[in-house]
Amino acid sequence: MAKYLAKRIFYLILTLFIVITLTFFLMKLLPGTPLTNQAKLSKSQIALIYEQYGLNKPVWQQYLLYLAGAVRGNFGTSFQFSDQPVSYLLSSRIGPSLQIGLQAMILGVIVGIVVGAFGAMRQNSWVDTTATVVSILGISIPSFVLAVLLQYYLGLKLGWFPIAEWGGFIYTVLPTLALGATPLAESARFVRTEMVDVLSSDYIELAKAKGLSRTGVIYHHALRNSLIPLITIVGPLAVNIMTGSMVVENIFSIPGIGEQFVKSVLTNDYPTIMGLTIIYSFMLCVVLLFTDILYGIVDPRIRITGKAN
Amino acid sequence: MENDKNILEVRNLQVNFKTYAGDVKAIRNVSFDLRKGETLAIVGESGSGKSVTTRTIMGLNARNADITSGSILYKDQDLLKKSDKEMEQFRGQDIAEIFQDPMTSLDPTMKIGKQIAEPLMVHKGMKKEKALAQALEMMKLVGITDAENRINDYPHQFSGGMRQRIVIAIALINYPEILIADEPTTALDVTIQAQILNLMKELQDKISTSIIFITHDLGVVAGMADRVAVMYAGKIVEYGTVDEIFYNPKHPYTWGLLSSMPTLDSSGDELPSIPGTPPDLLDPPTGDAFAARNAYALKIDTEQEPPFFKVSDTHYAATWLLHPDAPKVTPPAQIVARQKKYAEMQQALVAKQRPSVPVEEEEEQQ
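One line per chain: the protein sequences are W and G, in this order. Numbering-wise (our numbering), the first sequence opens with residue -6 and increments by one. Numbering-wise (our numbering), the second sequence opens with residue 16 and increments by one.
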């Protein structure tokens, strides 16, 4: 296991390196400059600012300098926010994003499993049809549309939840629902399909022949086997939540990194763009590592630490 | 045929499957008994209704199955009148089943010890540790080597033969009265087949269970069964003791089955086969369902269904050829040879017991 983890961490660093490199050069291709009022500045003023931030050097030199800094944990200083270090800027903002993202993921996947399982157990009944319709809606409605709808109806009309503020748990409910819809729908669809398959398999027949009750068969045999393929989509779902959060955080005025990402791209805030890209890639890598380990726990056939027989 | 020795009595069973095309008459008026401690083989080709019969006994038919008539008596209780919930009590406790494919019939994500112990926990309310201890004993009984170390292994760590032993262990852990074996060796290598069959026979003696053995392999039947029922197109067409079916078959379908089985002394280079395919059970033909494929078919075969004619106290066959008015036909050469052998066997047997009485081999109507 330790050897496996070491290998995976090495790959993680390699991935991050590639992501940094690609993003750095792509970012430099962005039109515009980090300067807000470029038209009002003289050439010498611009040159001065560029020198101060090291933007006058050739791109490859800037890249090497950035890498050298990143290795030592120095991710530069934000252009946009009065000289705040990127690491500080992001660490103070990642909390809300993580909270909403994880909440959306957990809510979506757990409710999705329940909905999918019920759909499969009562195949072609009204339960199943409802579950399918919910899945289709959840997949096809973009999270930002849902966010606005929730905000308008549950927030403004009914007044159950605050509209666009950040404070305690109650403020996370609507964004969580908006972001959780897709994971819910996707996992419901996945679990349903898989469970229909599993329920017609021979070992379920054998479980019934043992005299297990309907719920016993589902709980002891069908569920676990139906969940295996669900793990595969946890990675893509995490990506979905990350990209969704960029817009949803804006809609609900959540001081998170998603909102920050959009701003930094719009203002050519190079160090912040880089910092955020690294964070997003890192989180995705961790999710993928986590799902690979989870695979082994759920499915003994692909367990990483097989003891010798 | 009320009999104390019968553990299971199936009477006039009819099962239809509702499909979009109409009702498929999968089981058409099937009756048979299972005696205590015996092995009854049900043979027939694919689609003849063997498996549907056993699934009906287990109460595990597909949802579109419709049991239109009949009764299945087990210990004075009609299993067909039981609710789904009540049937759970019988399954895995009184009636257990061994499935065809050991590669797919074990849960891939559960340790085999727990899989074997599960029926104990379900039916006897046993604690896990105690159930696992019994599971271990059962693993040893079915011949899983190094059982102590393997009880926590998963199915994928076992070979096909070993997995079938595990499936057998699961079926037998509660010492069921009836064991249904649905082609238990079909998916196994020939070398492993014999091992599994021997194991089943051995355990049948130890546990004194009755076995319904479903197969299309007559070679397997000869060594395993006490009695044989031959099924065709959802009906039993002939039943008798294993000797009677093998050496004195009366139904042309049984002749066809036996002739198409290679034996050590089969002569010629060509193995005979039964021409044609089984009838469509959406719309079964009138008369004898086998008539269209039957070289010995009479005119009445296409008009009226043959009743069972008695051959001996234990041997019945549903073919008009046994009617007193039917023309005498000569079965295929292979069958004649078998019958000759049987007559000799009988004579030898009778000669041994009571030399004076001649062999009764007359056919009479039921």
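Read the hints as simulated data drawn from the structure, not as lab findings. Treat the hints loosely; a few may be bogus.
Claimed, not checked - Derived lysine to any residue pairs resembling SDA-like cross-links, with alpha carbons at most 25 angstroms apart:
1. G:K51 x G:K97
2. G:K97 x W:G289
3. G:K97 x W:I295
4. G:K51 x W:I221
5. G:K139 x W:E198
6. G:K126 x W:D121
7. G:K221 x G:G175
8. G:K145 x W:A(-5)
9. G:K325 x G:N27
10. G:K155 x W:P293
11. G:K129 x W:G289
12. G:K33 x W:L130
13. G:K145 x W:L192
14. G:K126 x W:D195
15. G:K100 x W:I221
16. G:K126 x G:K97
17. G:K143 x W:D190
18. G:K100 x W:D121
19. G:K100 x W:E198
20. G:K126 x W:G209
21. G:K100 x W:T208
22. G:K343 x G:K356
23. G:K100 x W:G209
24. G:K143 x W:R217
25. G:K216 x W:P293
26. G:K129 x W:P293
27. G:K51 x G:K33
28. G:K139 x W:V210
29. G:K33 x W:D195
30. G:K126 x W:Y288
31. G:K97 x W:S193
32. G:K221 x W:M276
33. G:K145 x W:D121
34. G:K33 x W:L192
35. G:K126 x W:I290
36. G:K126 x W:R217
37. G:K129 x W:D121
As the list claims (entries may be wrong) - Some chain W residues well away from chain G (every beta-carbon gap over 10 angstroms; in silico):
38. L57
39. L58
40. G66
Values in this document were obtained by computation on a predicted structure and should not be read as measured data. Beta carbons: idealized from backbone N, C-alpha and C, even for Gly.
Verification of the hints:
{"no.": "1", "hint": "G:K51 x G:K97", "in the structure": "holds (22 angstroms)"}
{"no.": "2", "hint": "G:K97 x W:G289", "in the structure": "violated (42 angstroms)"}
{"no.": "3", "hint": "G:K97 x W:I295", "in the structure": "violated (42 angstroms)"}
{"no.": "4", "hint": "G:K51 x W:I221", "in the structure": "violated (44 angstroms)"}
{"no.": "5", "hint": "G:K139 x W:E198", "in the structure": "holds (21 angstroms)"}
{"no.": "6", "hint": "G:K126 x W:D121", "in the structure": "violated (32 angstroms)"}
{"no.": "7", "hint": "G:K221 x G:G175", "in the structure": "holds (24 angstroms)"}
{"no.": "8", "hint": "G:K145 x W:A(-5)", "in the structure": "violated (36 angstroms)"}
{"no.": "9", "hint": "G:K325 x G:N27", "in the structure": "holds (18 angstroms)"}
{"no.": "10", "hint": "G:K155 x W:P293", "in the structure": "holds (24 angstroms)"}
{"no.": "11", "hint": "G:K129 x W:G289", "in the structure": "holds (19 angstroms)"}
{"no.": "12", "hint": "G:K33 x W:L130", "in the structure": "violated (34 angstroms)"}
{"no.": "13", "hint": "G:K145 x W:L192", "in the structure": "violated (29 angstroms)"}
{"no.": "14", "hint": "G:K126 x W:D195", "in the structure": "holds (17 angstroms)"}
{"no.": "15", "hint": "G:K100 x W:I221", "in the structure": "violated (30 angstroms)"}
{"no.": "16", "hint": "G:K126 x G:K97", "in the structure": "violated (32 angstroms)"}
{"no.": "17", "hint": "G:K143 x W:D190", "in the structure": "violated (29 angstroms)"}
{"no.": "18", "hint": "G:K100 x W:D121", "in the structure": "holds (23 angstroms)"}
{"no.": "19", "hint": "G:K100 x W:E198", "in the structure": "holds (16 angstroms)"}
{"no.": "20", "hint": "G:K126 x W:G209", "in the structure": "holds (17 angstroms)"}
{"no.": "21", "hint": "G:K100 x W:T208", "in the structure": "holds (11 angstroms)"}
{"no.": "22", "hint": "G:K343 x G:K356", "in the structure": "holds (20 angstroms)"}
{"no.": "23", "hint": "G:K100 x W:G209", "in the structure": "holds (12 angstroms)"}
{"no.": "24", "hint": "G:K143 x W:R217", "in the structure": "holds (20 angstroms)"}
{"no.": "25", "hint": "G:K216 x W:P293", "in the structure": "violated (33 angstroms)"}
{"no.": "26", "hint": "G:K129 x W:P293", "in the structure": "holds (14 angstroms)"}
{"no.": "27", "hint": "G:K51 x G:K33", "in the structure": "violated (34 angstroms)"}
{"no.": "28", "hint": "G:K139 x W:V210", "in the structure": "holds (17 angstroms)"}
{"no.": "29", "hint": "G:K33 x W:D195", "in the structure": "holds (22 angstroms)"}
{"no.": "30", "hint": "G:K126 x W:Y288", "in the structure": "holds (16 angstroms)"}
{"no.": "31", "hint": "G:K97 x W:S193", "in the structure": "holds (23 angstroms)"}
{"no.": "32", "hint": "G:K221 x W:M276", "in the structure": "violated (60 angstroms)"}
{"no.": "33", "hint": "G:K145 x W:D121", "in the structure": "violated (40 angstroms)"}
{"no.": "34", "hint": "G:K33 x W:L192", "in the structure": "holds (20 angstroms)"}
{"no.": "35", "hint": "G:K126 x W:I290", "in the structure": "holds (13 angstroms)"}
{"no.": "36", "hint": "G:K126 x W:R217", "in the structure": "holds (13 angstroms)"}
{"no.": "37", "hint": "G:K129 x W:D121", "in the structure": "violated (32 angstroms)"}
{"no.": "38", "hint": "L57", "in the structure": "holds (50 angstroms)"}
{"no.": "39", "hint": "L58", "in the structure": "holds (51 angstroms)"}
{"no.": "40", "hint": "G66", "in the structure": "holds (42 angstroms)"}
Going through the hint list in order, the structure does not satisfy hints 2, 3, 4, 6, 8, 12, 13, 15, 16, 17, 25, 27, 32, 33, 37.
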